[in-house]
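Fit chain B to the given chain A structure using the hints.
Chains as they are written, first to last, in this note's numbering: chain A, 662 to 817; chain B, 662 to 817.
The set of hints was computed from the structure by calculation and includes no laboratory data.
Treat the hints with caution; some may be incorrect.
Since the list gives no way to pick out one identical chain from another, each pair is judged satisfied if it fits inside one copy or across any two copies.
In the EDC-like style, the derived pairs of lysine to aspartate or glutamate whose C-alpha atoms are separated by at most 20 Å in a straight line are [unchecked claim]:
id, residue 1, residue 2
1, Lys-671, Glu-700
2, Lys-813, Glu-709
3, Lys-663, Glu-728
4, Lys-813, Asp-741
5, Lys-663, Glu-772
6, Lys-786, Asp-741
7, Lys-672, Glu-683
8, Lys-786, Glu-739
9, Lys-748, Asp-779
10, Lys-663, Glu-683
These figures come from a predicted structure and were not determined experimentally.
2 protein chains.
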Amino acid sequence: MKITILAIGKKHDPLLMRAIEEYSARASHYVKIEWKLVEAKITGTMPEAHIRKIESEALLSQINPGEIVILLDEHGTEVDSPTLAQKLQSYMSQSTKTVTVVIGGAYGVDETISKIADFTWSLSKLVFPHQLVRLILIEQLYRAHTILAGEKYHHQ
Amino acid sequence: MKITILAIGKKHDPLLMRAIEEYSARASHYVKIEWKLVEAKITGTMPEAHIRKIESEALLSQINPGEIVILLDEHGTEVDSPTLAQKLQSYMSQSTKTVTVVIGGAYGVDETISKIADFTWSLSKLVFPHQLVRLILIEQLYRAHTILAGEKYHHQ
Numbered sequence: 662m663k664i665t666i667l668a669i670g671k672k673h674d675p676l677l678m679r680a681i682e683e684y685s686a687r688a689s690h691y692v693k694i695e696w697k698l699v700e701a702k703i704t705g706t707m708p709e710a711h712i713r714k715i716e717s718e719a720l721l722s723q724i725n726p727g728e729i730v731i732l733l734d735e736h737g738t739e740v741d742s743p744t745l746a747q748k749l750q751s752y753m754s755q756s757t758k759t760v761t762v763v764i765g766g767a768y769g770v771d772e773t774i775s776k777i778a779d780f781t782w783s784l785s786k787l788v789f790p791h792q793l794v795r796l797i798l799i800e801q802l803y804r805a806h807t808i809l810a811g812e813k814y815h816h817q
Numbered sequence: 662m663k664i665t666i667l668a669i670g671k672k673h674d675p676l677l678m679r680a681i682e683e684y685s686a687r688a689s690h691y692v693k694i695e696w697k698l699v700e701a702k703i704t705g706t707m708p709e710a711h712i713r714k715i716e717s718e719a720l721l722s723q724i725n726p727g728e729i730v731i732l733l734d735e736h737g738t739e740v741d742s743p744t745l746a747q748k749l750q751s752y753m754s755q756s757t758k759t760v761t762v763v764i765g766g767a768y769g770v771d772e773t774i775s776k777i778a779d780f781t782w783s784l785s786k787l788v789f790p791h792q793l794v795r796l797i798l799i800e801q802l803y804r805a806h807t808i809l810a811g812e813k814y815h816h817q
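The following block holds chain A by itself, in its conformation from the complex (with noise of 0.2 Å):
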């Protein structure tokens, strides 16, 4: 079993890394978590639908058959902590399979993304800079575990 957080973006903010970097470590000791940083060729003139068409082709040359794939995308579905470590829960009990986890860029991904997610994923009604979502995701993903080995560190 293994959670592979597909993002757009080579690197890590610096003002972030060592904080995305602790939440996967702690992680790390309930699932393999791995990250896959893609980079795709935009320029800053290109329309954004021409960005998001580049990125979301980059994202699912990553995506291999058979992956269960969350989408974060702030139109989709908010859920509490307890409810994301039972959904995480299923998927992994469905399957040996990885489930990928896929944060697009600004200006979001297309609908070839779009459709194949089997869950679409809102954090918050809030817009959270892409650099920040990695963090909120990967603490999630720590806390989520700690709820399904019933560990204190979730506070209801």
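For chain B alone, coordinates are given in the frame of chain A:
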């Protein structure tokens, strides 16, 4: 006009400190930002309700009469980033008073704080660690001001 962020716990998490300082500096271009970090004398053996009471007293002692109080609480109301921006603008135009945003401790706050709150705000259905809430909050305060100033930072 000033925004005070009032939180339990004297220090920022070293892992997040630079990011919190960066967004505080960015937000300060638009509005005076003051962090008021208070310590409450609690011990690990205290019951949750007792911790909540002591922490609430410590917070309350830092709130001045007439301040507009926004309480961060997971049972509050979620808003999107543009709505938050409008809300802040409305509070700021009502008066020259300080807007104080309160982040309670791990067990939340009691009714002495909740009853004086002008707005009880939930960032998300998810539970975040206290220190990450500080970062998410200051980024949203910065974002709100870029939205009000019509700047490019915020994407819909």
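Hints, verified against the model:
Within a single copy, Lys-671 and Glu-700 get their C-alpha atoms as close as 6 Å, which meets the 20 Å cut-off; across copies the closest is 39 Å, which misses it. In this homomeric assembly, Lys-813 and Glu-709 come within 20 Å of each other (Cα to Cα) only across copies, at 14 Å, whereas the closest approach inside a single copy is 44 Å. With identical chains, the CA atoms of Lys-663 and Glu-728 are at most 20 Å apart within one copy only, with a shortest distance of 10 Å there and 49 Å across copies. Taking the closest pair of Cα atoms, Lys-813 and Asp-741 come within 20 Å of each other only inside a single copy of the chain (17 Å); across copies the shortest separation is 31 Å, beyond that limit.
Taking identical chains as interchangeable, the C-alpha atoms of Lys-663 and Glu-772 are never at most 20 Å apart, the minima being 25 Å within one chain and 43 Å between chains. Taking identical chains as interchangeable, the C-alpha atoms of Lys-786 and Asp-741 lie at most 20 Å apart whether they share a chain (13 Å) or sit on different chains (5 Å). Within a single copy, Lys-672 and Glu-683 get their C-alpha atoms as close as 16 Å, and across copies as close as 18 Å, so both meet the 20 Å cut-off. When the C-alpha separation of Lys-786 and Glu-739 is checked against a cutoff of 20 Å, the pair qualifies both within a copy, at 8 Å, and between copies, at 7 Å.
When the C-alpha separation of Lys-748 and Asp-779 is checked against a cutoff of 20 Å, the pair qualifies only within one copy, where the shortest distance is 11 Å, while the shortest distance between copies is 35 Å. Taking CA atoms no more than 20 Å apart as the test, Lys-663 paired with Glu-683 passes inside one copy only; the shortest distance there is 18 Å, against 34 Å between copies.
When held up to the earlier numbered hints, the structure conflicts with hint 5 and nothing else.
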